[in-house]
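Peer 1: Now for the letters of each chain:
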Amino acid sequence: MAGKDVPVIHVVDDEAPFRRSLLFLLESMGWTAVGHESAEAFMQAAPAFPAGGGCLVLDIRMPRLSGLELQRRLQAGGSPFPIIFMTGHGDVELAVQAMKAGAIDFLQKPFKDQLFLDTVERAVHISCERYLETRRHQEAQQVLERLSVREREVARLLAQGLANKEVARLLKISDNTVHVHRQHVMEKTGTGSAAELARLILRADPGGLD
Amino acid sequence: MNSPAARFFRRLFPAMLLLAAAVQAQESVRIGVLAWQGLEEAEVHWSSLAGQLEKRLPGKRVELIHTDLAGMAAALRARELDFVMTNPGHYVMLEAETGISRIATQVGSGFADPAHVVGSAVVVRRERQDIRSLEDLRGKRLAAVSPDAFGGYQVIWAELRRAGLDPERGQVALQFTDFPMARVIDAVRKGEADAGVLRACLLEYLEREGVLPPGELQVVAVRSTSSPCQVSSPLYPGWAFAAAAGTPPALARDVLLALLSLAPDATGSSWSVPADYHAVYALFRELQIGPYAVLRETAWSSLARRYWPWLVGLLCLMLAGGAYTLHVEHLVQRRTRELSRALDERHRLEATLQAGQQQMEHLSRLSILGELAGTLAHELNQPLAAIGNYARSLLRRQQRDQLSASALQQAAEEIAGESERAAGILAGIRAFARKRARVREICDMAELVREAAGLMRGMTAGGPKIELLDALPEQQRHVCVDPLQIQQVLLNLFKNAWDAQQGVHVEAPIEVTLQVVDTTCRIAVRDHGVGLAPEVDAHLFEAFFTTKPEGLGLGLSICKTIVEAHAGEMQALPAAPGPGTVFWFSLPLVAAGAAASGEEK
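Line by line, the protein sequences give chains D and P. The working numbering applies: residue 1 is where the first sequence begins, and numbers increase by one. The working numbering applies: residue 1 is where the second sequence begins, and numbers increase by one.
Hints are supplied without guarantee of correctness; some may be wrong.
[Stated by the list, open to error] Have a look at the derived ranges for each label pair, beta carbon to beta carbon: (1) G77(D) / L408(P): 56 to 64 Å; (2) A101(D) / L408(P): 24 to 32 Å; (3) P588(P) / K112(D): 50 to 58 Å; (4) E121(D) / L403(P): 20 to 28 Å; (5) Q75(D) / E569(P): 48 to 56 Å.
[Said to hold, decoys possible] Stretches of chain P that chain D covers, calculated by requiring three or more beta carbons in the stretch to come under 8 Å of a beta carbon on chain D: (6) 387-393; (7) 443-457.
Bear in mind the hints are in silico, worked out from the structure with no lab data behind them. All residues carry an ideal CB built from backbone N, CA and C; glycine is no exception.
So that you can see chain P by itself, here it is in the shape it has in the complex (with noise of 0.2 Å):
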């Protein structure tokens, strides 16, 4: 319907409809007629229609109004109809939707039975030999006029189902062209479809008029009926002359009666009293379309339907309740992320403190031996200017020619022993001093005291005898700690005590006393000095606090902080009976078991 004539026609129909409107007062009566064919085609069918039913209603003048599927519905629904003439199908959907009734039924040409009137035909190209039955249209292309086409459509659509082909499930390809049907027509003889769905006598007709060469198409799956034409199904009651909800009861009855005079048309139609559309009814429910349409839901979507306020409230909740899932989800990971990044920070700081505190340690030994540094100078003297005397004397010795082989052999002897001397002091020094990791060994406590004295006595000339009173049964005398960082507490220790006892010259002993405390091993040593003033006694723990001229201050802060370290602690006290201070401090003591297998490492 692409030609100038239709254009025209399609501008002109909004100006009928006023034109229309604007003659209601002559008492028009409107009626509704489906344009199947195209609207310039039902101008022209039904035209005829119009005027003899004028005649045979006086006063009235009659319009037709050529619609499509949809519209027809619009303007039912808009009262603007007082008639309408339609397909069996389109008929049945109104009826549910508008209200409309059928006053008459067409019946074609050639039909006896006003009740069998529409059917479909299926057409191919001639040549398409492989298309011979509905089975054949498997995986073929079908073009057809509307899904909403009575019998352009859903009549066959009957039929490829009850062949076991359902276009729904994708069986057949189907193409829909829209109105007119001549779409169709066109779509199979370009090929752009495999096959096409016609109105029963369309194909005959057109090859009547000429339109269609003959015999270009054929139609497939014939079946014999009482048609005169060709047809692919059975055949189904004819249009229907239908009024609507609100027009008179008169009105329809003189109508009713105008149609039923009418004489037969140009195509040999006429109008019958209403058929049976039993047979439409079937179709629609087997189709579940049109008032059927409800069968094709699931008793879940109308529970739905019905429910929907619920199950919207529902939907709300669980989506409320995913939602916070989501968000407690989001918080739980965002504080766990939080929590690994103040984990690896605290990490990171107990590093950092744990070299800083290492560094300390290191410190405070280096400051013991700069404290100690005289004495150690000293120390490493000896045994050098001994080794220089003999070499000095053997050379003598020997300038005098007075060098015997036992002098010689002596000399020797001393001279490495010596030098021996020398590397075991710079060798003890070096381990002292060396920075290093930490580390956790069984010891017994009496031991470590008896190598802390030794290296003691070893830095120090004419240092101070140490006195051990060991109180500790056989099963509890271990500790679990790093010994060389023990040998600096007691290092430290010793050498205060001895230094408060230079001051007031006394030759005493230095006393170490080991205990049990509870569950812990006490160190106590005692010095006889005068004692510790008030005022030093407050601060005597704090770092780089130092009563010392070359001292650093760090030396009892750092053997606190070892102590406690090991959790144990450490203490001042007056010595009684004085004068004298006693420093003490405790480590846990381990089980006899631990320490024999500590041991056996």
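Okay, chain D solo, but in the shape it has when bound (with noise of 0.2 Å):
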């Protein structure tokens, strides 16, 4: 295992030997891959989202827990691994619920190795663009809690565009008062304008600003 930013690629399925083949191929190209024989094995485990990426191969039909209600138990949890379902014949419906529910893809067994390792890549990829948003999503909304109430409010108002003036009015407060908040607001955000801030708010909070 290479340090911390190498991707990790789960495997969940049932049925042993396929499941070591799948883990034998990922390695063969050099993935850092994990086996897990069952979905309640994988939450047991609750293995942290890696730095380097990474993603989630899942059966879709397994006893007694499903690959779906992994999936549904993982959003519900706002894990932010990718899925990649493996489907048998005759499991299109379900392919298409896991879609719906947000899977990156679906593969129907039997599947050819280069499909299956380009999706393997291109859901790593996205877990690498997912783990960064989320990284900065994490570091706004901890820029935007060093605020108090009152900074966090004046701060809401500048980058919906309002001057101090209106800012005062609409809180009832001095002008001067506000140009303080807002000096404070600048100070502790590390933002030099109103458009800075409010890119800043909506990061921590798509809907920050309505």
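Got two chains here, each in a separate frame; can you build the complex from them with the hints?
Peer 2: Next comes the structure, spelled out in structure tokens:
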């Protein structure tokens, strides 16, 4: 295992021989791959999302907890893992359901190894972007959390493009007070303009300016 | 007697009878004469007698009617004759048959005693030196006129018997020439017979008359008698002159007186008082002929004659019984044939039925496979996909120069393992789908359930968990079944249970319970589905009834058939507590001892 930034591929399939063959294939291309014999086993392991990205290859039909159910639970928990489903013959309906629920792709067994590897690569790429996105969001939130309630209020109005006087009138405070708040907000968030402040707020909360 | 004259007389004879009838008014005396030498000879011989008698019987017309043995008896019965002249033997027979009585006996010339006149001579050709005595006739051909002839046969017959030769037993080959007696001479002269029987003195008479060259024939077994001729037998009384039963005694007396007064005729014969015929009776008794013919008959035959109606009745009964027996036998045979035909037909039908049922079972197994085909394909794809993955991974590592020995070993082992797994699945399917003859093996019921559950899991990816609750005691857990068929039943029930649970997304295990009920093992399969709709319940075990779009509807009907073929029964009922359905079937348990010996095999 290389350092922390190496992408990790998780394979969940109850068919042990097939699961092992996929791991062997992934490792052949240099990926780091981890197998899980069931959805429950994956939930229990609860692996952290690797910094280098990664994805989840999930068999759609499994005893007890099915692939779809695992997907639902992961999304509910805000897991960033992109999911690739593996389906059997005649499971197209389930696959469509999975895609609607946000799966990256589905592969119908038996599938070509190249297609599998390409799909995994794409998923890992997406995961990296998502990871960065999440990082930015989290950072923005952390920055905004440093502001006091009043300062956050002032920041939102300023980000909406209001002048100091208009903010003072809306908040029924003096212009000077608004000025002080503005200076604090700019210092704490490290922003130089209302436009920068607006980007930060949107990053932390896409609906934060509504 | 084939001369033209003989033919003439033969034609004349009926005309003479007609003429005689016409002049009957003249009160004719009709005398029947045995024409032993032929009609012509008789006419010549007796013509003077008729004339002499007529002279001594005034107002009477004497008619001589020449006839043969049978003809004389017939004429007597028809009352056409008043008197007859015949040989002693014939007389004795006629006396018994028609009641005639003799009034005079002929005495030949040279014979002093009327009781010793008639005898027989056996003649042979002179050159036959081999025949000197009667014993020499054994196996020889002997000619005689008729079996009824007295001097011409019966006398010699008795002598032959006394000599130990019985013509009736074929010890002498008899040839009967019929009258006249000259035919016998012809037969001997021509060599058609080795010897011939002649009336005594005929030979000498014929030689005297110049008809026969003297010395050509000679008499054998000559006896010394009072006869002037050579004879081979004792002498018997002379011819009889007898009155018919209906002849008036007065006429008989007149005729007798006339006869006795006659002078000897041309041959020297004259008539005398009736001689003692005892010797003739004795001869007949000895030969068992004539009045003594009844002696020949055994007690059986006389009994038969007496009781013939009873015998006929008995015979009829026996015949009827025999016929009935035959009829019954025939019926039995026919019924047997019909029965065996019916049996053959039944065996044929049974064979057809069994073939049909095996076909159905086979179809049903294929139908299960068909219903499971989707999951089956998935099941086979798994090992194939794994094998492909390993193979391509090896190629990729090779291309990247990253193929380590340990990776190669791991991949090769996995490939081998997976190919074996795929082959195993295929073999299982093939065995299950193959047509096969019926078998019976003693099996542990729980083992059968475990195998069927294994097969179910093998066929269905992510298939249901099957929970076995085995309540069978150690001594009562074996059944004698076709394992594959019972497996088929179980597989059907598992598949149905699974389908029922899939419908409502229940993940609970399918429960299989084994328990002893009476002498049977009851196998219950319980699912946690919604249960059976009433309209479904009614048709559950019918062939081609199905609620599944891809189903053939043969599963449960075949299951029931299979279970019943194993002397068991099958039922479906709602699970308690519900929801769900329990399908159970029973199979007869076999004794532990039988099971043990069965397993040793």
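Peer 1: Each hint needs a verdict: does it hold in this structure or not?
Peer 2: For each hint, the structure was consulted:
no., hint, in the structure
1, G77(D) / L408(P): 56 to 64 Å, "40 Å, violated"
2, A101(D) / L408(P): 24 to 32 Å, "40 Å, violated"
3, P588(P) / K112(D): 50 to 58 Å, "56 Å, holds"
4, E121(D) / L403(P): 20 to 28 Å, "22 Å, holds"
5, Q75(D) / E569(P): 48 to 56 Å, "53 Å, holds"
6, 387-393, "holds (count 6)"
7, 443-457, "violated (count 0)"
Of the numbered hints stated above, those contradicted by the structure are hints 1, 2 and 7, listed in ascending order.
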